[in-house]
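Engineer: So you can see what is in the structure, the chains are spelled out below.
There are 2 protein chains.
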Amino acid sequence: MGRIVILRIGHRPERDQRVTTHVGLTARALGAQGMYLAADDKGVVESITDVVSRWGGTFFIEDKVSWKRCIADWKAAGGKVVHLTMYGINLPDAIGGIREVDGDLLVIVGAEKVPGEIYGLADFNVAVTNQPHSEISSLAIFLDQFAEGRELNLEFKDAHIIVHPCPLGKRTEER
Amino acid sequence: MGRIVILRIGHRPERDQRVTTHVGLTARALGAQGMYLAADDKGVVESITDVVSRWGGTFFIEDKVSWKRCIADWKAAGGKVVHLTMYGINLPDAIGGIREVDGDLLVIVGAEKVPGEIYGLADFNVAVTNQPHSEISSLAIFLDQFAEGRELNLEFKDAHIIVHPCPLGKRTEER
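Chains as they are written, first to last, in the UniProt record's numbering: chain G, 1 to 175; chain P, 1 to 175.
Bound conformation, chain G alone (with noise of 0.2 Å):
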């Protein structure tokens, strides 16, 4: 499996710090490499930075990122390009196709509008049910289905903070 990296797009500072933040978490936990906001937000980056920092692992948080640039060069180096819409393909329509990938995947994730231009950028662009919802929910069952599962398993090197499996009540690890 090629790496996975976010790129996430149409953020407005003001409005979406929350909702991009667990975009990022959502990114790191489920086995991506990194994150690009297409936008300036020292917060966002602050937040996975700190996650990063305690929780181990190498996700990358970069802001100020030009959306067109990034794909270009993602492109370029022969990368594929996936952008989640729930105007696109079903999500169990089109897992198949982009499973057959042979190489790294860029992960479009879209605020509330996104550029017309990046439909025709994208190689994949993929619904996850046409329904309304959220840009993280699509996300995350993206990369579950993506991975087949696997990646809830993912163990981060360099973890301050450990949590262990309990059926009742918190167990935790400071390391």
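Simulated from the structure, these hints should not be mistaken for laboratory data. Do not take every clue at face value.
The list treats identical chains as one, so a pair stands whether inside a single copy or across any two.
Claimed, not checked - The calculated lysine-lysine pairs, modelled on PhoX-like cross-linking and capped at a C-alpha distance of 25 Å, are:
no., residue 1, residue 2
1, 170, 42
2, 170, 80
3, 68, 170
4, 170, 75
5, 157, 80
Position chain P against the provided structure of chain G, taking the given hints into account.
Structural biologist: Okay, now just chain P, sitting in the frame of chain G:
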């Protein structure tokens, strides 16, 4: 498969309105029957009611619910309770047992802090990875895995807007 209803707790109107709306819309899109909100928030109720009226189906939303009463009533009626928490048993190890439940499921989705009592009241404390990410992602993956992906093809009755899946651009129908 029995009914699935969400109980959203720990919601604070000034902070959680968007996230709780995403929780409700995710629940609806992925086949849950409704959401109880243990808070007073007309804004969330209106957003979700508006989506249901345009996009169809019978999803209900009810605010000002007492979580204690809600859980007690659910159990008294023979239903089981799943609590999504990063401290619980990881989903791959829990989902089999939950699929065997014969009856209705109440799925508790907390915000940042959850009363300790909830862990003891739940029949299953379930983590979607033991990493910090998003209650929206956790609910999405839980519902998707519970229904083994079949809910991604749900159709909603009496919809006034329908999206027709499309490899490029947008194709919607108004009725």
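Engineer: Against this structure, judge whether each hint is valid.
Structural biologist: Structure-based check of each hint:
no., hint, result
1, 170 x 42, "neither (32 Å within a copy, 33 Å between copies)"
2, 170 x 80, "between (40 Å within a copy, 21 Å between copies)"
3, 68 x 170, "between (44 Å within a copy, 21 Å between copies)"
4, 170 x 75, "between (44 Å within a copy, 23 Å between copies)"
5, 157 x 80, "neither (28 Å within a copy, 36 Å between copies)"
The structure is inconsistent with the numbered hints 1, 5, although it conforms to all the rest.
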